[in-house]
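J.: If you want the building blocks of each chain, they are given just below.
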Amino acid sequence: MIYALAITVFMVGLYAVCCKKNIIKIIQGVIIMEYALNFFIILLGYRKGGIAPIINKITDMHTFAAQSVDPLPQAIVFISILIGLGLLALMVALAIRLYERYGTFDITEMKKLKG
Amino acid sequence: MISITIEIFLIFMLIGALIAVEITDLLYSVISIGAIGFFSSIGFLLLGAPDIAIIQMVVETLSLIILVRATIRKDIHTISGDREFFGLLSTVAILFFFFLYIFKATQTYPVFGNPVMSRISDSASNIYLAKGLKQTGSPDIVSAIVFNYRFLDVLGANAVIFAAFLGALAILRQKAKKKQ
Amino acid sequence: MINPFVFIALPMGMAFLIALIGHQYKKSPDFLANLTMGILFILSAICYGKSTIYYIGNWSPSIGIPLVLDGLSGLMLIIINFIGFMSAIFSIQYIEKFYTSKLRYYGLFLLTIAGLNGIVLSGDIFSIYVFLELASISSYALVGFGCGAEELEAAFKYLIMGTIASFFILLGIALLYGATGNLNLAAIANVVQSQGFSDPIKIAFIFLISGFFIKAASIPFHSWLPDAHSSAPSSISAILSGIVVKITGIYCIIRLVYNVFGATVLISHILLYIGLISIILAGIMAFMQTNIKRTFAYSTISQLGYVFFALGIGTPLAIFGAMFQLFNHAIFKPLLFLNSGSVDYQTGEKVINKMGKLNEKMPVTSTSTLIGSLSISGIPPFNGFWSKLIIIIAAVQANLIGPAIWAIIGSILTLSYYSKVLKCCFFGKGAQFNEEKWKSFREVPGLMLIPVITLAFMCIIGGIFIIHGYNGFFGRPVKDIINGPLWYIQSVFGSYK
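Residue numbers (my numbering), protein chains in the order written: chain A, 1 to 115; chain B, 1001 to 1180; chain C, 2001 to 2497.
Keep in mind the hints are simulated off the structure, nothing from the lab.
Note that the structure is a prediction, hence the values are computed from the model and not measured.
Incorrect hints may have been included.
[Said to hold, decoys possible] What the simulated footprint calls covered on chain A by chain B, stretch by stretch (three residues with Cβ under 8 Å from a Cβ of chain B suffice, anywhere in the stretch; the number is not a length):
1. 16-25
2. 28-41
3. 61-74
4. 82-90
Glycine included, every Cβ here is placed at the ideal spot set by N, Cα and C.
Go ahead and model the full structure; you've got the sequences and the hints to work with.
T.: Printed below as a string of structure tokens:
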């Protein structure tokens, strides 16, 4: 159920990317997809009653290894968030220039390419 | 208990996403995006990922600044409209079947709170948790993985950010083509 | 033995260096980028046929990231760095004439190459994703490099389709991690072998493969490719058609299907039919185009259909045909795109009907275009003939007579639209031919002719790679592909000490 909810948020983003005709809405759709995916990956690594994967002096190693949540999905999300930032910067730069060229954010009015 | 909390958070995220996608006012939709990011950040904190929660907050703030810079203009406040009706209908139908498929897919997964490392004993995470401190000297296993075991990924991600900003500068330069 | 890490670190470091000093020293981007590509090409030629595995940080393959240089990666490295080198030489004068800001151009160019080398070398599915994003993001920016209305529109389209594909791939990686507990390709292959093709793995595989099919632009997902490849600067079109589509799409599919999951009957059929549909449909669409670069772009989809078709057949001879066709396509498609750039350089025209009689003014460009066109249409004795012949023989041997005839029809279709281009632009006149403008045309400068002549020469002698069949030049890659997952697991884990 909880995975399906995360996927639903992903699908809302995909819907915005596929069906909206405004560039800003498309960019927002991409951001929503990214957030949902990151959340989904973190969900995959959660252990019931788990603790954060940071060792402190009180816990000993065996209970730590048995209790901690999965650290690898967190590492993946770390990288994926950084990549998402770069992607957003490029998308926004393209959107600004497209607005300068066409005077609108509407992609149905951008039809200089044909064939 | 935690699963109900997370479900509530996800429902908030879903509502935020729907508002962001459907509202016509640009500023409000950008703020809704911020709200989704905020909820996911708190969610990360609850799910035992404090590092990711912090970095999500930082990156989200940056993203919002970039987005507001791009969207909020003097001459444009509201936007409206989907694509043509039949195209929209067919796309939504395809997306719906796709969604049903993924929904079915997630049913084959084990229930929430049962990560793969507890099922597969030789998975990489077990080694990280058991030997991470000894091998790398970092008490934070996530940064041990990111900056030591999987250093190549960070190198790649840095190059991605560099490429994106180089690309953004290239796209934004005023005089791009020489006169013939 | 050369450390494979050089192939990632050198272009990345040079891109940083160019961004740093490019403002002060105006000639440095040209010089540094060409020097880097030259070194990389020589290194990749030295590495070919050898296999080595470099464990970054000396971690064991399941917890660290190994760089795996085997036969298949070696072949891909040669293709990437050779075509990159040719395109870099061509760029010196081409970019100088049309575009400003050369240092950003070369910075993005080298980052694309670094990303592609990373995809090919990495033995870890998530770092493949990271490098895929590196290559894709740099190429989105390069497609929009001209900042004109069409370029930006194409770049945005490309970015959105590419991002959807990337997210599918990331979702696939997440689901795969949830099912196998590993990110290393060999470790995943190990789990898949022991656990079987269970439902969660199957679902993850479907997401991964559909993402890579979007990146490879096979027919149902092709809409972004003609726009992106025809709007980019011609040297970048050569890179995109010649290597980016192949590495981000086809290489990843080959690696996943043959070395990780193992080729099942269903997957082979999907590859076979997607290939067959692409061959004919994209060919018909190419025939209808009036823009020279759009014709070439649709032709890429059609020609890569042969690779998918051959991979779907799956016999050793067919795999050899697929590798040979992939290699040949990486030779003649950049040649054609670079020539379209030369034509653009002199005439400023991309529409077929407005050109004509260029063979009198630009003999080298016309001759090499003729060679490239004959080669891509499968006329003997050029290299394209041999690869298509092998694919068709393999199809007949596998009792696929209908598909074989279908592929021959596709080849005839290819000949028809290339003869249209040749007749209108080079050896005849288009409908709107302008005599006045034509008189001032000259051959392009010598530096732009070097890569064109080299590639045309490769087209002529390319047939020699057929000697010894799948034991010859392509022996190692073909062996690596047909050896399957068990061999891959063995080679990655076996050499770790």
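J.: If a hint holds in the structure, say so; if it does not, say that too.
T.: Comparing the hints with the structure gives:
1. 16-25: Our answer is that it holds, as 8 residues pass the Cβ test (under 8 Å) against chain B, meeting three.
2. 28-41: It holds: at least three residues are needed, and the segment 28-41 of chain A offers 8 whose Cβ sits within less than 8 Å of chain B.
3. 61-74: With 9 residues close enough to chain B, the hint holds.
4. 82-90: This one holds; 9 residues, not fewer than the three required, reach chain B with a Cβ under 8 Å.
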